[in-house]
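S.K.: Sequence:
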Amino acid sequence: MRTTFALNLTLPALLLLAACSEESSNTSNTESATASADCAQADLVLHNTSVYTSNENQWTAEAVASKNGRIVFVGSNAGVEEYLCDATTVFDLAGRTVFAGFTDSHQHLEGVGKRTKTLSLFGIPTLQETVQTIEDWAASIPAGDWVQGRGWIEREWTDEQRFLNKYDVDPFTPDKPLFMPRADGVSALVNSRAMELAGVTRDTPDPEGGRFERELDGTPTGYVLANAMNAFREILPPETDAYLKDNLLRGLRANASLGWTQTQDAGMSYRLVGLMKEIHEEENMAHRVYVAIPVQEAATMLERGRETTNDHMLDVRGIKVFIDGTLGSRGAALIDNYSDSDHNGFMNRTTKDELMPILYASLRQGIQIETHVIGDRAVRSLLDWYDEAYNYVPRSEWASEDLRWRMEHAQIIPPSDQQRFVELGVIPSMQPSHAIGDLNFAPDRLGRDRLSYAYPWQQLVDRGLMILAGSDAPVEEGDPRIEFYAAVARARLDGSSDAGWHPELAVSRETALLMLTLWPAHGAFQENLRGSIEIGKYADFTIFDNDLMTIPEADILSSENVMTIVGGEITFQRSQ
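Numbered according to mature numbering (1 follows the signal peptide of the UniProt record, and there is no 0), the sequence shown spans residues -18 to -1, 1 to 558.
Rather than coming from a laboratory, the hints here were simulated on the basis of the structure.
Mixed in with the good hints, there may be bad ones.
Label pairs and their computed distance ranges (CB to CB) [what the hints assert, rightly or not]:
| id | residue 1 | residue 2 | range |
| --- | --- | --- | --- |
| 1 | 322 | 184 | 21 to 27 Å |
| 2 | 137 | 333 | 27 to 33 Å |
| 3 | 201 | 321 | 24 to 30 Å |
| 4 | 286 | 50 | 44 to 50 Å |
A quick note: this is a predicted structure, and the numbers were derived from the prediction, not measured.
Built from N, CA and C at the ideal position, the CB exists for glycine as well.
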């Protein structure tokens, strides 16, 4: 029985897969009756298209077939014909382009879903409009309830480019506590009522690994960084499992609609993992999820070890560590002072004394480490600490010498430390969209010299390193088109750039594709399962309406994902 679909340039709504029409059923019955006994077996065929496999031994193809979620054929239209006679579902993808399934190597799934239900301050062009939007939202919140949202980002405002503070929001929230993280999620705006409830005053000391911004007399301004946010997180209203599960489901659906076939979650709590297991059991996984547990739950991770489903839809394997802040908030730990401030950021969101025993135990138990580091001081320190752990634990006690420990973000890496990534086998996990946003203010933060090794993608690739590309959504939009574009264009979304953006550090489209496909699979120990279109691997495909490898750079952003396939199952299909 075969169902055949032709995707024309408008992909009409009649291509829904819920059921076959009577006509197609009759045709399929006839074909089934005449099919030869030795017909090649497949249940999905994509043909008459351009296929980019991310397999260096066969970079392109015209067709692909799968059976029971695994790829059984990659090759020409002529070669796939023997699979057409028995394929249940056949797509003629003329005008479309098939890629190995895209992976977001650094994301926060629950936050992506939550963003659809709370106040989003992304994309607002001015400080004045941002404050007005918060005021309008606060007006709908009952007295005594929390005013919450996320996503404000001063670097994109065209009137004032400064951090929000309590004076912006106190006038319309005298009886409502307010907590609104900046887009980076590593700093936040709070109002006076929130500080009153948290007991934060001018006499409150800064916590280890965090800071309360203050007036000259020590009075907190309402802008708080890193571990200073915990004082407010601890008093926020508790969220129910049902609320969190809905956020996860929303995130899964949103990601699949964009073309993601896997996201690698950098810091998913065991509570959320439990809800993900429920979603998997209910067969509602729209894409694969690879998980690193936050360092606060490291003891539980070390006790439980790796957990994965048989179909590799959910894989819990790592520990996420947090070290410094972000460049925009001047919290990233630099070796030398910021060029526009008299300090060099902060570290110790996780202290060395806390971390080293976790590193030792992870070596012995085969647990992957993923560490948030942004500034060059944080990068160098973690390289030192990784190296120290390697040398402290005898190799005979390691669970495996194939560690694949990662550094997440790693935005500022001097050349000497780039080589240490190679020597220590550390994998850089980086977000191209961070660069094209941060480069608007990075010249002020870093000065000219440090820009030459900021977001140094091509330098790392030239050293033979695999870069895992991700979005850090909901910090960024979480769109593979933006990540691909940023990696190859290294320019603003309108195509512009400024002096100091170092266009020579952009990568080729072939490299960008590997950064979103095969290399993330390697970063998750899954390169033999997925990441490229090869026989035997999972049938994970991202299908776009344009050829991202050949169209003008500007057209990348207007291209659309038309279908997402995970393990041979369609998890998203666009209808227009």
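S.K.: The structure should be examined with respect to each hint, and the outcome stated for every one.
M.R.: Structure-based check of each hint:
1. Checked against the given bound of 21 to 27 Å, the beta carbons of residue 322 and residue 184, roughly 25 Å apart, stay inside it.
2. Here the CB-CB span from residue 137 to residue 333 is close to 30 Å, well matched to the stated 27 to 33 Å.
3. At roughly 27 Å, the beta carbons of residue 201 and residue 321 sit within the given window of 24 to 30 Å.
4. For residue 286 paired with residue 50, a C-beta distance near 30 Å fails the hint of 44 to 50 Å.
Checked against the numbered hints above, the structure violates only hint 4.
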